[in-house]
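Trainee: Spelled out from the first residue to the last, the chains are:
Protein chains: 6
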Amino acid sequence: MDPSGIAKAQVLTEALPYIRAFWGKTVVVKYGGAAMSDATLKEDVVADIVLMRYVGMRPVVVHGGGPQIGEAMAQAGLTPTFIDGLRVTDEATMRIVETVLVGGINQELVTLMNRKGGPAVGLSGKDGGLIRARKSAPRKGKGTNAEVIDLGLVGEIAGINPRILRTLEEGGFIPIVAPTGVDEEGVTYNINADLAAGEIAGALTAEKLILLTDTDGILDPTGKLYPTLSRDDVEKLIEDGVIGEGMLPKVRACLRALEGGVRKTHIINGKVPHALLLELFTAEGVGTEVFQ
Amino acid sequence: MDPSGIAKAQVLTEALPYIRAFWGKTVVVKYGGAAMSDATLKEDVVADIVLMRYVGMRPVVVHGGGPQIGEAMAQAGLTPTFIDGLRVTDEATMRIVETVLVGGINQELVTLMNRKGGPAVGLSGKDGGLIRARKSAPRKGKGTNAEVIDLGLVGEIAGINPRILRTLEEGGFIPIVAPTGVDEEGVTYNINADLAAGEIAGALTAEKLILLTDTDGILDPTGKLYPTLSRDDVEKLIEDGVIGEGMLPKVRACLRALEGGVRKTHIINGKVPHALLLELFTAEGVGTEVFQ
Amino acid sequence: MDPSGIAKAQVLTEALPYIRAFWGKTVVVKYGGAAMSDATLKEDVVADIVLMRYVGMRPVVVHGGGPQIGEAMAQAGLTPTFIDGLRVTDEATMRIVETVLVGGINQELVTLMNRKGGPAVGLSGKDGGLIRARKSAPRKGKGTNAEVIDLGLVGEIAGINPRILRTLEEGGFIPIVAPTGVDEEGVTYNINADLAAGEIAGALTAEKLILLTDTDGILDPTGKLYPTLSRDDVEKLIEDGVIGEGMLPKVRACLRALEGGVRKTHIINGKVPHALLLELFTAEGVGTEVFQ
Amino acid sequence: MDPSGIAKAQVLTEALPYIRAFWGKTVVVKYGGAAMSDATLKEDVVADIVLMRYVGMRPVVVHGGGPQIGEAMAQAGLTPTFIDGLRVTDEATMRIVETVLVGGINQELVTLMNRKGGPAVGLSGKDGGLIRARKSAPRKGKGTNAEVIDLGLVGEIAGINPRILRTLEEGGFIPIVAPTGVDEEGVTYNINADLAAGEIAGALTAEKLILLTDTDGILDPTGKLYPTLSRDDVEKLIEDGVIGEGMLPKVRACLRALEGGVRKTHIINGKVPHALLLELFTAEGVGTEVFQ
Amino acid sequence: MDPSGIAKAQVLTEALPYIRAFWGKTVVVKYGGAAMSDATLKEDVVADIVLMRYVGMRPVVVHGGGPQIGEAMAQAGLTPTFIDGLRVTDEATMRIVETVLVGGINQELVTLMNRKGGPAVGLSGKDGGLIRARKSAPRKGKGTNAEVIDLGLVGEIAGINPRILRTLEEGGFIPIVAPTGVDEEGVTYNINADLAAGEIAGALTAEKLILLTDTDGILDPTGKLYPTLSRDDVEKLIEDGVIGEGMLPKVRACLRALEGGVRKTHIINGKVPHALLLELFTAEGVGTEVFQ
Amino acid sequence: MDPSGIAKAQVLTEALPYIRAFWGKTVVVKYGGAAMSDATLKEDVVADIVLMRYVGMRPVVVHGGGPQIGEAMAQAGLTPTFIDGLRVTDEATMRIVETVLVGGINQELVTLMNRKGGPAVGLSGKDGGLIRARKSAPRKGKGTNAEVIDLGLVGEIAGINPRILRTLEEGGFIPIVAPTGVDEEGVTYNINADLAAGEIAGALTAEKLILLTDTDGILDPTGKLYPTLSRDDVEKLIEDGVIGEGMLPKVRACLRALEGGVRKTHIINGKVPHALLLELFTAEGVGTEVFQ
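Chains as they are written, first to last, in this note's numbering: chain H, 1 to 292; chain Z, 293 to 584; chain C, 585 to 876; chain V, 877 to 1168; chain X, 1169 to 1460; chain F, 1461 to 1752.
Hints in this document: simulated from the structure, not taken from any laboratory. None of the values given here were measured: they were computed from a predicted structure. Any given hint might turn out to be false.
[Stated by the list, open to error] To give a feel for the contact side, a few chain V residues facing chain X, derived at Cβ under 10 Å: (1) Leu892; (2) Ala952; (3) Val1162.
[Stated by the list, open to error] Listing some non-contacts, in silico: residues in chain X with all C-beta distances to chain V over 10 Å: (4) Gln1178; (5) Lys1210; (6) Asp1351; (7) Leu1387; (8) Pro1417.
[Stated by the list, open to error] Pairs of lysine-lysine residues, derived as BS3-like cross-links and limited to a Cα-Cα distance of at most 27 Å, are as follows: (9) V/Lys901 x X/Lys1193; (10) H/Lys135 x Z/Lys408; (11) X/Lys1303 x F/Lys1576; (12) Z/Lys408 x C/Lys609.
Virtual Cβ for every residue (Gly too), placed ideally from N, Cα, C.
Just chain H, with the same shape it has in the complex (with noise of 0.2 Å):
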């Protein structure tokens, strides 16, 4: 008899635990980064998720932008400016995000999954109204002269409202979702996928909302991990320099989502293969737990 054969069906049934844990809980996943630009870590997460929902689990997935939108943009001329993270964004600049990343990735990850196994469904922010936006307040760029900046079509969410979400759930499919917004006039805008992430994740009351990045979690000053934070203890972080501007949306993610009673929230190297996999079906879990 094949040893390899039992010692597989020895990690199926040592994965029961956790399957019984999050059996038909909602779990949302931002899904972005490097895990995103590498084929074979992109096809270990759509794998990933697609488990998730055969394990019994309701994954919803919100995306961003890769390469692809720079690329785009730079073939049509056009350079990009980020303030805080986020994009300037004009009028020609969202039109491009827009296809890009609602007819481009977005249908990309719909193929990927539904090849596996899916059923995948794509929406953007606009399907079904599920994110309502307004215009973002202007920024200041750094340094002590730095002037007041127009980010432009950057927008803010006004409102979620998951409806969509939930009757796509109830069908069985895995909603996949570009974050994009629109305002009451119809003006459309570029939305913060972390961001969008976390306010989902709190609409839904998600079990867990769980963030792919390109480094293993909130480091110290050090540069060593820490494995769990409170909120508590997040806000006091931030207030002290420590959680730099890149991992900002992603920490502001979390503390929306656990606002808005979602139990535990994750962020995790992407770069790690099956990192999902490992943080939800393992004892420790990886990356930086915050919660409650």
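Here the structure of chain H is known, so what remains is to put chains Z, C, V, X and F in place on it, guided by the hints.
Mentor: For chains Z, C, V, X and F alone, kept in the frame of chain H given last:
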């Protein structure tokens, strides 16, 4: 008392027999042509479709590409080639078609429709595995010495999985479908919107398929409209060459829908304001009706 | 192309915001007065109510007695007496009221409504225990030396059991209620139709109560219409004697409905053709609105 | 310990096999004759029907007119004419029949039944489009020189739409049907109650049809009861003239019900107290059973 | 006509008000004592419970062990010890108790009940995690020098998970519960059947708990029955020592049920034939009622 | 990062195609033999079955008696006799079989399974009327002069009523069936567990039947495993005497299941740890597959 008010009420009660007749019925609308490039007509079509939903119908919209695809190709320095009304599609073209169709045109319709009351959800043929495609056979160009031309990523419909449409209908949403398709290897194809609408209408056993075109319907050689035609009539007209190249995919869509059990199909002039409502809510209707 | 067709379509799309606003909402209509004796008005009211159902509302009709009760009493050699707009009712009168109301007027409305599309079901206050009644207290006649008069089988509403209405609504039927009631000993009472409509609207927490009367609404002492009045306004007007005896039960019905949680109540002129649709589907509405 | 208590408990447990056998089954009861004019018998029948519902059956009652119609006609100075047990019905008569049947007799039954626990809902053949009617063919009177007589507003059943009965059954209500009908022009007809009960039983594919009459069942020429008869037996007896004019509509109702798939039909003596329960809950039953 | 038939029908209609009152209500029956050892009484109890289900109640049965456990222990050469009516239970005894209770007595009841119409399903406290148990505290024996005795595998109820009972009720099954329990380490305990019935009634917020015992109910010191007692009365009687050791677990079961929201509890004499039906279907009832 | 964690994740994602394929499918497992007497194997089997439920399958377990029945019989001084693998069963034996099977073995499995996550519910063939039995025909012993022997209370399956299994499946419970049966007179029979599993799989039109045995599957005369056999192959092997007495009931169970519409049946070696998962989640599977 305001006499125009009373006249308006009269109009509403005159619509009652039609409203009753279509209550709870699925109506597939192929949206394209001039009604899509003219901003006022577009507003009207969108309002008509939202009205259809609120008076009890279950509309499903399938849209084609509009001038935006041509523009995007021109911007990218690509020149389109058409054979039998089908766009020869290489990979670069397909990428543009998909992003503009799914991320541009589709999302614009969703936005408009949600502003009129919706609630609309954009779909591609990939979402929920809606349209399974396969590569179209190469076509012979015109003329005796014409070469056989590979159409590239132009696809035929291999199958429709209407489950996502049913899920959205039952949730009260209006599905707006951008006609892409995907084969078993995950290759994306450009699908003719007329044929996609015909197949979808058949798969849903819709009550009606209505195709918005730029002419009044099917015309006889003297330019006179045929108000009604049976399937046999239509097949005879195709054989006799009365139905021209531009009208052919629309007529084939009707035939496919009728084979699938759809009761009536209509080719109407989208340049007439509110042509959809005139077709649905007046005794004479408009355009050409092709019936079982 | 028929320009009137396009004008008609325009009317339909203008109605869309109102149709959306009342989608799935219960609207109780008190039907009586001239709109019930004039054959053309009757046709219009019935068509309006069927239309309401087909554009997504849930209409419930409560009707009064019309001239038919008077005729039947005259034929039987009985002379009616009224106090405060309430018919003094002995047993012989009650028998005539019940048979004519439930077997005559109600069934005529059901027939008319079913011919327009219905589907209508006639109910009395006895069916499914809809209206529990108790004997009204005796009233003092007018004038200083007026006797206290026992109203006989005139009843007050002791309770509403709306389950039969909910069952019919969910089955897609339009309930048409003849306002009789029964007490715990099985004695049948004549119930004022206005008050029955008000109580039923309250028990269903309807969106609206609309009373069709023979005047334009509540008028000020100079005969000018009050377009809107708050509950407090109305109570003040009753105190000041501005609201006359004929209007009193209608106003009380509005107050009862508002107490029960109905959002808006309307007293409108049933002599205006399609007054119901004008109230529901135009911005200004008609008649007097009494609101929370 | 009370011995009569134990005897009573014995009776209940003896009923168990019958209660189990009819659990969830529809039983149509034609109620008429002496059981309707005698107050004590009426109380018993009503109690029996409420009991049927509470031990799990789904009773549907169809009632005829009683002496009240004759009285009302006499009061109005009209003399009834009968042909083949069918009342010749002019417009004035029809108006009296309808108001007394629907507004009088039906409502009295509803009141009684609700006092016993109900919950009962009165219906006419018009409510929910239950009975579609058409004018009966003229009949030849008796005797060789008899004229052909137009029966006026006597109707035949053109169709049954049982949806309102199903809606009420599922809501737990007992429907009480007054057998009027309406044709496509909205003309009201008088429908024979026996035949209405037979058609309704067939349309519901009821388990049983039970007709309460004033004799013990179908009698042979010597006056002896036939306890069971097959459809063939019955058709032979009609041919041979053994079944008299009064019994004919009842027998025809049984045959119609059997054609519609009803398993057993019973003609029983309504003058026997609790004849319904004796038929349902004892091994021998009572009256004549006509079976498939 | 058979006069006894009519008398029987009378009995059935007299039961109607009680049948209506308990329609759809859950009634928990603790079955034990003489009613379990006497074959005729057993038949009667089983028939009564099946009847309860068919007249619309939702019975749940909890049974104790009967003489069979003693016999099986004797056969195995074990002598039972009882303290406060609780059987001291070592592992060998527990194995016998469980096999005889769950595999013997329970299955015999299921067989009998299914022959009467059922449909019954046997459960232990382990099935679906129905009864969570914990080890009972040691008890002091009687007398001044009495030792403290460990009761072994006698358990207390730590919690009830009624989901399996709800699932079976909704499927139309009658659950028959053998009162074993299991703790978190998987150790099996013997649970007092009276207390199990009380806790289950509370967890289901049953309408009634009925305990079948071998005496007429709670008796005063002169041997006279208390027909009704409030919770306060009962607590006083316990304090005063009026309620003896045998009656104590039954009375405690009533108190637990009442705490859980059960409306009425009854201690009745199972030696009276059909005592259950007499309690449920007669005005006076039997035994002692302990109420909120 | 823990490399073994990643290896484990790999195992999980490799299982995905199998998990998808069996999602929502019923799989009947016959549990017996060594896998039941060895404590470690038992833990594994139970964990495997709970895992099956949590990855979306609907497992139904049928178990045989183990060594415990023999022990209990020895204790009671009874010596078992077997004919064709069937235990000759007198009344005393039947009582032991039933109590040990239903009250002992079944409850032990329920306890184990609930500790792993369950939720399991024990059933006998009597519960909910699951297995209707009839007495088996007498069998001829071996040898030419062998007597015909009455098997006593050994039963054949006369019918399966799967309603209780469906009710439990829909409630999310895992049914564990002890194979007793009952005939119309209420006599209890001992039913072969293999055949019970086969009949139940057929009655549920299960996706698979898996029988855990003590050998690798069906072996050819040289002792080599047949990996797959068609029904025809198997019938040929029976005819040729290749399939021995011990394997016969297992093979017959497969044939009965296949007749009932089960797609695949498997005879596998329960002594291999996690044999169930290896069969379900690896490409090659284990044991012998008998297919349609």
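Trainee: Please go over all the hints and tell whether each is borne out by the structure.
Mentor: Now for the hints, and whether the structure bears them out:
Below 10 Å, beta-carbon pairs count as interface contacts, and leucine 892 of chain V has one with chain X at about 5 Å; its hint therefore holds. A distance limit of 10 Å between C-beta atoms decides the matter here; for alanine 952 of chain V the minimum to chain X is near 38 Å, and the interface restraint is violated. At its closest, the beta carbon of valine 1162 of chain V sits 8 Å from a beta carbon of chain X; the interface hint therefore holds under the 10 Å criterion. Against the 10 Å criterion, glutamine 1178 of chain X falls within the reach of chain V, whose nearest CB is about 7 Å from its own CB.
With a minimum CB-CB distance of about 13 Å to chain V, lysine 1210 of chain X clears the 10 Å threshold, and the non-interface call stands. A cut-off of 10 Å between C-beta atoms confirms that aspartate 1351 of chain X is not in contact with chain V; the least separation is 41 Å. Every Cβ of chain V is farther than 10 Å from the Cβ of leucine 1387 of chain X; the closest lies at roughly 15 Å, confirming the non-interface assignment. The claim that proline 1417 of chain X is not at the interface with chain V holds, since no C-beta of that chain comes within 10 Å of its own (minimum 25 Å).
Of the pairs offered as hints, the one joining lysine 901 of chain V and lysine 1193 of chain X holds, with about 21 Å between alpha carbons and a cut-off of 27 Å not exceeded. The suggested pairing of lysine 135 of chain H with lysine 408 of chain Z holds, with an alpha-carbon distance near 22 Å, which does not exceed 27 Å. This hinted pair checks out: lysine 1303 of chain X and lysine 1576 of chain F have alpha carbons roughly 22 Å apart, not beyond 27 Å. Distance check on the hinted pair: lysine 408 of chain Z and lysine 609 of chain C sit about 19 Å apart at the alpha-carbon level, within 27 Å; holds.
This entry does not satisfy hints 2 and 4, going by the numbered hints stated previously.
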